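A.B. asks: One-letter residues, chain by chain:
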Amino acid sequence: MNRFLLPLAAFLVVVGFLAVGLTLNPRELPSPLVGKPAPAFSLPQLHDQAKVFSPNEMTGKVWLLNFWASWCGGCKEEHPVLLHLAQSGEVPIYGVDYKDTRDEALAWLQQHGNPYPLTAVDEAGRVGINYGVYGVPETYVIDKAGVIRYKQIGPLREDTLQAKILPLVRELQKQ
Amino acid sequence: MIPEIGHYALILALCVSVVLGTLPIYGAAVGNSMLMSVAKPAARGQFLLVLLAFCCLGYAFAVKDFSVLYVASTSNSQLPIQYRLAAIWGAHEGSLLLWVFILSIWMVAVSFLSTHLPEAMRARILAVMGLVSLGFLLFMLTVSNPFERLIPAAFDGRDLNPLLQDPGMVIHPPMLYMGYVGFSVAFAFAIAALLGGTLDATWARWSRPWTTVAWCFLTIGVAMGSGWAYYELGWGGWWFWDPVENASFMPWLAGTALIHSLAVTDKRGGFKAWSVLLAILAFSLSLLGTFLVRSGVLTSVHAFATDPKRGLFILVFLAVVIGGSLILYAWRAPRVGLGGGFSIVSREGMLLTNNVLLVAALGAVLLGTLYPLFLDALDLGKISVGPPYFDTVFVPLMTPAIFLMGIGPLAQWKKANLPELAMRLRWAFAVSAATALSLPFLIGKWTPLVSLGLMLAIWIVTTSVVGLRERLAHADGSSLMGRLAAVPRSYWGMLLAHCGVAVFIVGVTMVKGFEVEQDVRMNVGETSTVGGYTFRFDGVREVKGPNYIAAQGTFHVSQDGREVTVMYPEKRRYNVQNQTMTEAAIAPGLLRDLYVSLGEPVAGGAWSVRLYHKPFIDWIWGGCLIMALGGVLAISDRRYRLAWRRKEAAVPAATQMARQTVS
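Taken in sequence, the protein lines are chains A and B. Quick note on this note's numbering: the first sequence kicks off at 204 and runs consecutively. Quick note on this note's numbering: the second sequence kicks off at -19 and runs consecutively.
So here's chain A without its partners, still in its complex pose:
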């Protein structure tokens, strides 16, 4: 083979890998919590401070737990997807308002719409630590027994929702 072709060949290999790399998400780390029971917590609710929310109230249902904040840009991005999903009524989405102030969070929901039947307030971010949240938004799929089945890091997109999350939810609901 012509040795002058070698650089081109090497380059083509690299391009091939880069092309595959583009379809992957380097931030998608397998969460150690997948397959484990969702960490318990008891947090005040956003709309009614006197009441608390705790995940064990959801036992027997398949549901999504979404960490968000009014200061988070990615949350705005995924918000239409959440609203759409909430409208379809396919699966309930519960929110955790993460490291945020109550007023700003309420104003944010007022402005952008509220997909959550209920939002809990994690002002200090302690619950987020237990869930291994390292950036909002993050979304967890939790099954009827309260076990985390899937973790989405970063904004939820319509295609991931259709391809991964909804099929998983439907399967879990059948169980």
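What the hints contain is simulated information worked out from the structure, not anything from laboratory work. What you are looking at is a predicted structure, and each value in this text was computed from that prediction instead of being measured. Treat the hints loosely; a few may be bogus.
Reference listing, derived: stretches of chain B covered by chain A, where coverage requires no fewer than 3 residues with Cβ under 8 Å from a Cβ of chain A [said to hold, decoys possible]:
1. 296 to 303
2. 345 to 357
Pairs of lysine-lysine residues, derived as DSS-like cross-links and limited to a Cα-Cα distance of at most 30 Å, are as follows [stated by the list, open to error]:
3. B:Lys289 to A:Lys367
4. A:Lys367 to A:Lys279
5. A:Lys279 to B:Lys289
6. A:Lys302 to A:Lys347
7. B:Lys247 to B:Lys44
8. A:Lys254 to A:Lys264
9. A:Lys302 to A:Lys254
10. A:Lys354 to A:Lys377
11. A:Lys377 to A:Lys367
12. B:Lys524 to A:Lys302
13. A:Lys354 to A:Lys254
14. B:Lys44 to B:Lys524
15. A:Lys239 to A:Lys264
16. A:Lys279 to B:Lys44
17. B:Lys524 to A:Lys354
Backbone N, C-alpha and C fix where the C-beta goes; we use that ideal spot for every residue, glycine too.
Please arrange chain B on chain A, whose structure you already have, making use of the hints.
C.D. replies: Below, chain B without anything else, positioned relative to chain A:
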């Protein structure tokens, strides 16, 4: 209105680049000088248009026009003006505009400084650069338009990432881009030479100063990035082998190899195909760097803006530009022919070995950077490659390269005599070996790596002294001053750049070998001693900046009971993004830096504090600066200035000739 003018200017620039990228190349191929002469005015016109766009964006930032999406997302009304202007390159879209702007600066420079080149050559060079800018302009106008409007306008902006609100960040990206994009000139020269089939020593002579200037900028740019990481990230490290750092380091390695290979092509006519390949490689790696930073294929602390759609565009662009050049190379380079033969023990032989080592180091860095991606693509799991890998492969590759760096300049071209070389260098070797073995004992601790590092550094300096002495002995002139003046500046430049490497190595060696780091919890009034310096923590108070509130600690530092300095590290909370930044306090010194950064407040007014004593760390960046100065000195050499004068004399003659032919 102003942003629309900027947008329009970009569209016009795109049109001009289409003309610039096609007509002159075609003209050069068929020998039509009218088409070739389009290149110069087109390059200048494109520069003016991009300049206009750049100013429009700067204006939008200056007047806080938050109806421009990019302005609204990277600045804020509280942001001071210098950072608002630096925010032009604070995120993706503006960085691209800066890229194209700098490319057009280089194009204009070529158009003015290339009058001594044959017209076909100049036409091809400018056209190749035009094609590159075409790709970037298209990229901007399709998926990353900095002038996109936000309607209704935002009430206030989302602010510049606080990490970037720093004087270093104001100049680091332009410097780095001057270097990155500067390699496009060497690249364009190489492609033009492949297209024209005239790859000779003159080609190398023309490429050399351009390559060296770009290399100087890149050296400064990379060093500044490293310095920025040191004082801004608050970890006290100066190099993390982060993918984006590697992305800037790889073109530097390729550029360094290119400079040395061009020297051989220039002086001896050898290494032609190799020089061309390196020129392509250096620029390709600059493009790859852009791809890695902008596409989000790799995670990195630097990945400020990522978007797969853009990634796809850059990948296709990369494939076209690099793939196209490599096809051209495979097709044309075999006809280039070889230079004169040489024995392995000769200056060519050593430069070749050096080149191979540099490229091998480059390959190792590239492999380490892309390895996580390779594994992920093959579904073999997620890993990250860190400093242990890079340190392990880098030191053994660079050690022989630096050893050769001492010998190479003293060896004869073509064939050198090994025993004779050994005789000439025996003192240099003895001095460096003896000092390297004994010096660490004097400092207090002997480790093999410290000894090796010092030995290499001293070796570079002593061999440089030997080389200079021999030069002076052979130079004309009776007085020492006269003989010193007779030594060409390019030689001084080389010596200086090599000594810069020595200074750099001393810095790295001393920091790695002797730095002291302490993580302590300190109550107000408590003291802690690091590296002979006693730090007394005098509490934290609140200070207000223009767009942040900071907790500022006070540390009184004393040595042997004498107060040395007072240091004020800060923990800043930026209002808009609600983000906390650690602003370390650094007391720099020629022989050591003291470095204090605040951690988190602990109960009762106590803070967790990080204290460092970093010996010789400023030598790392000082060394880089000296390398760059060496490059500057080399291009100020007489022969380049002579080339100017000859050119000035030659132009009227050529014009006269042309006139005669016409009449």
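A.B. asks: Against which earlier hints does the structure fall short, listed by number upward?
C.D. replies: 7 and 17
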